[in-house]
Each structure stands twice: as C-alpha cells, then as structure tokens.
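Chains as they are written, first to last, in this note's numbering: chain R, 1 to 312; chain V, 1 to 330; chain A, 1 to 284.
These aren't lab readings, by the way, just hints derived from the structure by calculation.
Do not rely on the hints blindly, as some may be mistaken.
To be verified - Just a few of them, taken from the derived set where beta-carbon distance is under 10 Å, the chain R residues facing chain A: (1) THR73; (2) ASP139; (3) ARG211; (4) ARG214; (5) PRO222.
Said to hold, decoys possible - Simulated restraints on C-beta separations: (6) GLU14(V) / GLU71(A): 54 to 60 Å; (7) SER147(A) / THR195(R): 56 to 62 Å; (8) ARG23(A) / PHE217(R): 23 to 29 Å; (9) PHE217(R) / GLU82(V): 48 to 54 Å; (10) THR78(V) / GLU140(R): 57 to 63 Å; (11) ARG66(A) / GLU14(V): 45 to 51 Å; (12) PHE217(R) / GLU71(A): 46 to 52 Å; (13) LEU84(V) / ILE67(R): 42 to 48 Å.
Cβ atoms here follow ideal geometry from the backbone N, Cα and C, with glycine treated the same way.
Next come the chains, spelled out residue by residue.
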Amino acid sequence: MTVITSIPPPEAAGEAASVPAGGASSVPLPLRFVGRALRTLWGNGKARTGMIVLGLIIVVAVFAPLIAPHSPTATTFTPYRGPNATNLLGTTGNGQDVFSQLIYGARVSLIVGLCAGALATLVAVTLGLISGYRPGALDEVLSFVTNLALVIPGIPLMIILAAYLQGRSVWTIVLVVAFTSWATGARVIRSQTKTLRTREFVTSAVFSGERLFRVTFREILPNMTSLVAASFFAAATAAVLAEASLEFLGLGNPSTVSWGTILYAAQQQNALLTGQWLMVFAPGLAIVLLMVSFTLVNFGLDALSNPRLREK
Amino acid sequence: MPLLEARGVNVVYEPNRGQRIWSVRDVDVTLEQGEFVGLVGESGCGKSTLGFALTRMLRPPARLSGGVIRFDGTDIATLDGEQLRRQRRNGFALVLQSGMNALNPVRSVARHFGDILKAHARPGDDLSAAGVRRRGTELLESVRLDAAVLTRFPHELSGGMRQRVSIALALALQPRMIVFDEPTTALDVIVQQAVMETIKDLQRERGFTAILISHDLGVVLDATDRVMVMYAGRIVEDQPAGVMTRGLHHPYTEALLDCYGDPRADEVRLGGIPGTPPDLSLPNAGCSFAPRCPLAEEICLTTDPPLSPLEEGRAACHVRAREEEAINVG
Amino acid sequence: MSASDVPPLELRGVSKIYHVRGRHRRTVTAVDDVSFAVPPGAAVGLVGASGSGKSTLAKMITGSERPTAGEITFGETSVGRLRSGGLRRLHRQVQMVFQDPYGALNPLHTVEYTVMRPCQNFLGMSAAQARRRVGELLETVGLTPASQFAAKLPHQLSGGQRQRVLIARALGSDPGLIVADEPVSMLDVSLRAGVLKLLAELRRERGLSLLYITHDLLSARLVTDELIVLNSGRIVEQGPTKQVLQHPRDSYTVQLLDAVPNPFTAEAARDRKTVSTATGRGRK
Chain R
1 MTVITSIPPP EAAGEAASVP AGGASSVPLP LRFVGRALRT LWGNGKARTG MIVLGLIIVV
61 AVFAPLIAPH SPTATTFTPY RGPNATNLLG TTGNGQDVFS QLIYGARVSL IVGLCAGALA
121 TLVAVTLGLI SGYRPGALDE VLSFVTNLAL VIPGIPLMII LAAYLQGRSV WTIVLVVAFT
181 SWATGARVIR SQTKTLRTRE FVTSAVFSGE RLFRVTFREI LPNMTSLVAA SFFAAATAAV
241 LAEASLEFLG LGNPSTVSWG TILYAAQQQN ALLTGQWLMV FAPGLAIVLL MVSFTLVNFG
301 LDALSNPRLR EK
Chain V
1 MPLLEARGVN VVYEPNRGQR IWSVRDVDVT LEQGEFVGLV GESGCGKSTL GFALTRMLRP
61 PARLSGGVIR FDGTDIATLD GEQLRRQRRN GFALVLQSGM NALNPVRSVA RHFGDILKAH
121 ARPGDDLSAA GVRRRGTELL ESVRLDAAVL TRFPHELSGG MRQRVSIALA LALQPRMIVF
181 DEPTTALDVI VQQAVMETIK DLQRERGFTA ILISHDLGVV LDATDRVMVM YAGRIVEDQP
241 AGVMTRGLHH PYTEALLDCY GDPRADEVRL GGIPGTPPDL SLPNAGCSFA PRCPLAEEIC
301 LTTDPPLSPL EEGRAACHVR AREEEAINVG
Chain A
1 MSASDVPPLE LRGVSKIYHV RGRHRRTVTA VDDVSFAVPP GAAVGLVGAS GSGKSTLAKM
61 ITGSERPTAG EITFGETSVG RLRSGGLRRL HRQVQMVFQD PYGALNPLHT VEYTVMRPCQ
121 NFLGMSAAQA RRRVGELLET VGLTPASQFA AKLPHQLSGG QRQRVLIARA LGSDPGLIVA
181 DEPVSMLDVS LRAGVLKLLA ELRRERGLSL LYITHDLLSA RLVTDELIVL NSGRIVEQGP
241 TKQVLQHPRD SYTVQLLDAV PNPFTAEAAR DRKTVSTATG RGRK
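For reference, chain R alone in the conformation it holds in the complex:
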C-alpha cells in the first residue's frame, strides 16, 4: 500500500455494505415509514389475516345501509321468530330484524373500540412520557396514580361509573372505557421512556440544545411508535369487549344498536331457551372476530419492531 500523505477521502457516497440502495426520494419521511410498515405487516401471515378481517368489518360498518336488508330499528316483523328467509337471524321481542342489527352494530363496536382505544392510548402516552423522562416527585406521583388505576378492578369500576353518569350515549361508554384502560399502557410506555432516555442520541439531542418538549416528542416518542401502536390495539381490543359487556349489562343506551345490545335483548327474552341461539352466537362471534383481528395485527406490529420475528 502506498504511503498516504493526505486525509484518505471518506468512504464513497454509497450505502453501508448490507443495506440495499435507497437514496433520496421525494416521498416525505413519515409516509415512507407508513408505507414500509404496511408492507411489512402485509408480509406477516397473522397480520395479513387480521388486516383482512378488520377490513371486512370496516366495510360492513361503512356500507351498512347497503348491506343490511332492513332497518335495524323497525319493529315491523313478527317478534320472537327464529331464522327464516326474511330475517336471517330471527327477530327480537320487539319485532326487529337481528341480522340488520348485527350489520349496523358493527358501527358502534368499531367506533367505541377505536375511539376508546385512541383516548386511552393518548392518556397513556402523555402520562408515560412525562413520568418516564424525569425521575423525581412528578414521576412518583404519576406512578402512584397509575398503580392505583391498575389495582382497581376494571369492570366493577366501569359498572359504577356507567350507572352514575347522566346521559347514556355511545360517548359516555367511550369515556368510561378509556378511563379504565389507560393504566397498562402508561406503565409500559413509562418503562420504555426510561430506557430510551439513557440512549446516547437523547444525550446528543440535549447537547444540540434541544429543550425538554422537543426531546420527549421529537426524539423519544418517534422511537416508540410500534409500542404505542401495539398499546393502541391492545386498548382497542379491551374496549370492544368492555363496551359489549356494559351494553349487555343494560348500562348502555338500550336504543343504541350494537352487538352488546343484541346480547342484552337476547338475555331479556331468554333467547337460548326459546331456541334462538343464533341471536346469541352471531353477535358473540362478531365481537370475537373484531378482537381477534386487532390482536393479529398486533402480532404483525411485534415483527415490525423486531426483525427476527419476521416470517420468511
């Protein structure tokens, strides 16, 4: 090797050995990440199944008026009928078509699941980030509150809240469910924040003059996206079940059409005894399918953040 008398030119403007060519593109960074995330999710068998099922449920909810044969609230049918040509799943005690109710019910379950999940995650992220970033009095107080929320049993608390809250609407349910399910996410995010806080790029950001707010939201939070997404889907799964439970117990608005209220009506009219078992089975299956689809997508999210879990 000849004597080097000047600074060797830095490595050619190329990629590091094992990374395929990427280069600058005109697509903004966040969109590129989402695109890549969706492609990876699609590549994972479980996530793909979850995404398909979820997609179908969303389509059903959006196009309910086109898919449902009748109005869900019209009491024009003969009550207590079993499955027949007009009423595929039979009718309720008020003469309403169960099948149409099932179709329209998808809307409420989806909305409550996604909104309550989002609200719970928002609270969890905020509290978790604040708590995890600075050890001290604030962290102690928030941790204590989180632990308290974790220890109190969820369903009884929900029942009490729902029973006492004025104004029974879907949004009351969303609030109640969110209020009881933020704690787990907060704990997890707090731990992850504490870990990320010690990473050198956070120190580097502080040296670059970044203030607390920017460090938390521009440095730490973006590196937790798959954790936040996973928390969201977990919360949404719990929310769907919680909503159905509340409706089933009669604590929701009985005039809402949701899978939970179908079960409530089924309970009221002793559907199992009268042979209308489909009226119990169908909404139950629907609830399970929605929850499972969320969970399957969550498996895919794990693979997103840990390449070793990706299927070949």
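Take the given structure of chain R and dock chains V and A to it, following the hints.
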C-alpha cells in the same frame, strides 16, 4: 484426519421479503486437531457469521445455504435437533462477544454451571449441588477466578470476569473445539490482554482446537498459529501468524497492517483504506477488493481470484499469484 | 471562534464520589483530586482503562454530572454549578463527540436534521440558513457531496461516516472546546485514520481546544500534544505526549503501553514504516 473440514460454506441472510444478502461466499476451512486459528476482518465481512455457521448456531433470518461441514468425520451441516445436541456434548463450544448477553441475568453463576452440566449429563456425572459446586470451582480456577464468583450474578461481575465465566462455561463439557467470537472487543486494553493470556494458556494446556474471531489483527497475530483474513464474505488470505508482518501479502492484508503502529516510535503515521466494502446483496464479478485496491488490473475486475500459494500460505490475488509464480520460476 | 476567543478549561482539585446503595453498600471514588488545564487551542489526552475515571471527568466537564469537590471552569463560567439554562449555554461552547456513532444518532432523523438543530438552537438560524450551514459543515468533515449525504439516515452510512456526522453536529454551534470520548474505538481500524486526521485538522484550522479521552495510546499519540494518564481516579503521569510514551515513569503507563495490540514489535515497526509527520505542528 482434520478435526474440522468445511467446504463450500455459503450463508444467506434474508432480513425482509425479497432481500438477500450473501454474508459468507464459498468458504473452505480446514482445521487440524490442536490448531489455534485466527479469523480476521472488519465489520460486515462475515467472520462472525462464518463462526456461527461452523458451530451450527445460525438463526433466522440467516441460514446455511450450501456446503459441507465435517466435524470429526461427521457432516454436521445436515444434522438437526437431538442429533446436533449430542454432537455439541463432546464436540464444540462457542464463546460470544459480550459476556452479559450470553449469561442469564437472573441466574447465578453456579446455576449456569448446573444448567449446562445437567443438559448434557452423562451417566456417572455427579450432579448434586456439591458436585456442581466442585466442578464449577475447578472450572473457575482454570480461568483464574475465585470460587466466590459462583454465588454471584452476572451484573455483579465486571466485564472481564463475565467473559472469563463464559469461557469457563465453554470448557465445562471439555469440547474439542472452541470458537471465540470477538471475546475481548467490549473490554478495555488491560483486561483484554489478561483475558487473551488466559485463553492462550488454556489452549496450550488443554490442546483444544480454537478459532479466534476478531477485527483486531494485533490481538489475533499475538495469540494464534495461523491467520485467515476475510473480506466481503470470502477468505482472501491464509498464512502462518509469524509470516504476516513480513513479505508480500494480499493488498487488503497489507492495508490492514498499515492501520497499526507503535505509539512509542519516533514518528508515527497511520494508514486508512479509502472506499467502502461492496454491497453483499449483489453477486460480484471479479475480485471484491478491486475497487479499493492500488494494484488492481483488468483481470481483477472480471475474474474472481482463487486462493493460490503465497509466501508460506495462500492468498486470493491475481497480482500476487503472478509475482509468486515469477519468483518460483526465476 | 478563533484561537484567541477560546477560553481555557481548568480543573482544580476535582473529585467525584458515588454512594452505592443496595446489597453491597459502599462509596466509590471515581475521581480523586484531579487538576489540569486545557489551554486555548491545545489538544490534551486523558488516557486510562475502564474505571480510571476518564468518562466521569468527561461528564463533569460537559455538565452532565456535578463534582463532589473542586472546581471546573471554562473561562469565566463555573461548570459545576450550572443548571439547565446555564447548561444549554455551556453546550454552545463545549461540545461532545460520542463513542458509539450508531447509538448517538437518532435512527429516524436524517443527517441534515441532526446537524441543523445545534445551528438553529445556538446560533438562532432560520431553517434555510441552518441548511446552508449544514452543507458547509458536511463538506468540512469530508462528507461530499453534501447534498447527497444530507438526506441519508444513520443506517445508510458506514461507521466512519456516522462519526463524521457526529463531528459535524458538534461543530454546529461553533464551539471552543470539543470533548471527544473514545471517538474511534468503535470504528474499524481502516476508518480510524480518516477521523483522527479530521480532528487534528479541525483543531489546527479553527483553533479549537480538544480533550481526547481514550484507552488507546496509538490514537492519543496521533491527536494530542499533552497526555494525562489516569489510574483509579488519580493522575499518575502527565507531560508532552511523545515524552510520556517514550519515557514513561509510572508503572501503569507502562502497563497500558504493553497492552496495546500491535502486530509489530518496535524494531519491526521502525524497519517497515517510512518516516513522515504525524499531526499538528509543522508540515502536513
């Protein structure tokens, strides 16, 4: 019969759908019983991957995509599950880079010994708590650690001590071959020297075959009998250690040697190697080092050089092969 | 900042004592009564193995930790007593180059973003102005063409390139003192010369002071004029670099020298290498 005879080892790494990286390309390795061989190269050259492949420790998304690996006559490339475990019992062991990663943080050192002895138990082994303790103390002594370490947990030990515990665990089953993957990289120079001395002593005393994988040519030349230099997934040079600092070598080896120096010398000048290693997701035509090589010629860009005799070993370089032939003929 | 503007860094009787709680209570003296100075424009090396206290000193000098005793002054500013506002002001002048080039870069931010931030925060530049400065800085550290590197993400760069990005980031605020904590120890040997020579050149051309922390005596020899050897938190040897390395007085220094892995003995090294200048003074 050589202890290890590997031919045509290829490892492919598939991190995402449709993306393939050939980390190890067509590598042949032959090890005699009792040899201490070094495997040297920089980041991404495939040396750790090769070490893992030879000990059948590859995990998805990396996989062995071709080759024969004959350990003591048996082709272990095709073994799986229980058969592979049994081979491991008396065959080979792997010591990893960071002691912390290899040790279970919630189990004490004594438990680690217990686990490994019980997992590969033979009839007649004393596996009582006292027996494990005795064997553990013996092994810790051989790596210059006090028996008190048995009751400690990994986080209570320093980096150097953890590495010694890893080595002791590797010795527990009296393997015929041990692969050390960057054993001292995470340690500071003084601890590194001490641990390497221990490894050298152990190898001399017990005569196991050893492969030392490192990016540090200095460490490797100091400890080993023979050195293999890797670049872009291939072995580009294979020489006895004593010859490495003299004579002609593969241009990459020479460039690497140029990156070292003696801080005590009157004048010190350090070399570097301009350019980057090639993209391993593309099949290559010609010599992988050619783009960065000061001696590169036409033929280097089109034909991949085979390993041919050079000095007392072999090197994969067209130019050097020609020069060597000229010396031999003339 | 030209050489005349850079204040000196002074440490007087600095100590750091940690109290360890838990199963084995004890006090750990990480740094014991250390005093030294980095005059304006000088390059001083702090060498020692792990546990020598060098990293703790780096943290105290950059304000991440407070000394238990003693004083650290950078010009008029007393570093040990600063709080968050003061620390941010300190970071404008005292910057750090970190050891792990991958860990110190946010994997989601482009090179441009990372290097822009100190320009915006410390020099009050607008985004457009900052981007122009980023271009200049990338050229300075040898990442050319700058426009191509600006949009890259850390995983698309090699170790040496990442370290250059970190250096560019450190230069962003136009600091007077750079504390480099093992900047090349995680790089392949073939990439080290380039980064070391960059540091040496930056020092010469901008009159920066450099505090170079390492356990590797070879790189210390190339970059520093003065060497301070630390053992268990205490200074055991101090002096001009070449002198300390060629005529070490303390046994610990000798131990460190012995431990440097070197393919050659001193004899062979002299035979093989041609003579040419190292860093800094005299011809390049």
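Taking the hints in turn, this is what the structure says about them:
| no. | hint | result |
| --- | --- | --- |
| 1 | THR73 | 49 Å, violated |
| 2 | ASP139 | 17 Å, violated |
| 3 | ARG211 | 8 Å, holds |
| 4 | ARG214 | 9 Å, holds |
| 5 | PRO222 | 5 Å, holds |
| 6 | GLU14(V) / GLU71(A): 54 to 60 Å | 57 Å, holds |
| 7 | SER147(A) / THR195(R): 56 to 62 Å | 35 Å, violated |
| 8 | ARG23(A) / PHE217(R): 23 to 29 Å | 38 Å, violated |
| 9 | PHE217(R) / GLU82(V): 48 to 54 Å | 52 Å, holds |
| 10 | THR78(V) / GLU140(R): 57 to 63 Å | 58 Å, holds |
| 11 | ARG66(A) / GLU14(V): 45 to 51 Å | 50 Å, holds |
| 12 | PHE217(R) / GLU71(A): 46 to 52 Å | 36 Å, violated |
| 13 | LEU84(V) / ILE67(R): 42 to 48 Å | 55 Å, violated |
The structure fails to meet hints 1, 2, 7, 8, 12 and 13 from the earlier list, while all remaining hints are met.
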